[in-house]
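Visitor: Sequential numbering from 37 applies to the sequence shown in my numbering.
These aren't lab readings, by the way, just hints derived from the structure by calculation.
Among the hints, a few may not be true.
Unchecked claim - Have a look at the derived ranges for each label pair, beta carbon to beta carbon:
1. G43 / Q67: 16 to 26 Å
2. F48 / H69: 14 to 24 Å
3. A39 / V82: 35 to 45 Å
4. P45 / H65: 12 to 22 Å
5. P45 / V82: 40 to 50 Å
6. E86 / I66: 10 to 20 Å
The structure displayed is predicted, hence computed values, not measured ones.
Quick reminder that beta carbons are idealized off the backbone N, C-alpha and C, glycines included.
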Amino acid sequence: MRAVPFGDPSGFPWLPFNRFELHLYNIRHIQHHAGQLIERLRSQGVTDFEWVGIGEKGV
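Work the whole structure out from these sequences, hints included.
Guide: Here it is as C-alpha cells:
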C-alpha cells in the first residue's frame, strides 16, 4: 500500500485545501448528517440510540 500524499491539493477545485484537510472536512460532514438523522428520529419519538455515545454524567 502506498502512502497518501496528504499535503497535495484535495483534487476538487471548489475545495481549496489539501487532502488532509479534505479528510477532516469529510468527517465533519458525516457528523453533521448523523446529527440531522438523530434530530429527525427524535422528532418522531425515537430516543434510544445504542450507537450514540453519551459523555460523562450523561452530558
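Visitor: For every hint, state whether the structure bears it out.
Guide: Consistency of the hints with the structure:
Judged by the Cβ atoms, the range 16 to 26 Å given for G43 and Q67 holds: they are separated by roughly 24 Å. Between F48 and H69 the C-beta distance comes to about 19 Å, which sits within the given range of 14 to 24 Å. Distance hint check for A39 and V82: the Cβ-Cβ separation is about 42 Å, which falls inside the suggested range of 35 to 45 Å. Range check, P45 to H65: about 18 Å between beta-carbon atoms, so the 12 to 22 Å window is met.
Range check, P45 to V82: Cβ separation about 41 Å, and the 40 to 50 Å hint holds. About 19 Å separates the C-beta atoms of E86 and I66, a value consistent with the hinted range of 10 to 20 Å.
Violation of the numbered hints given earlier is absent; every hint is satisfied by the structure.
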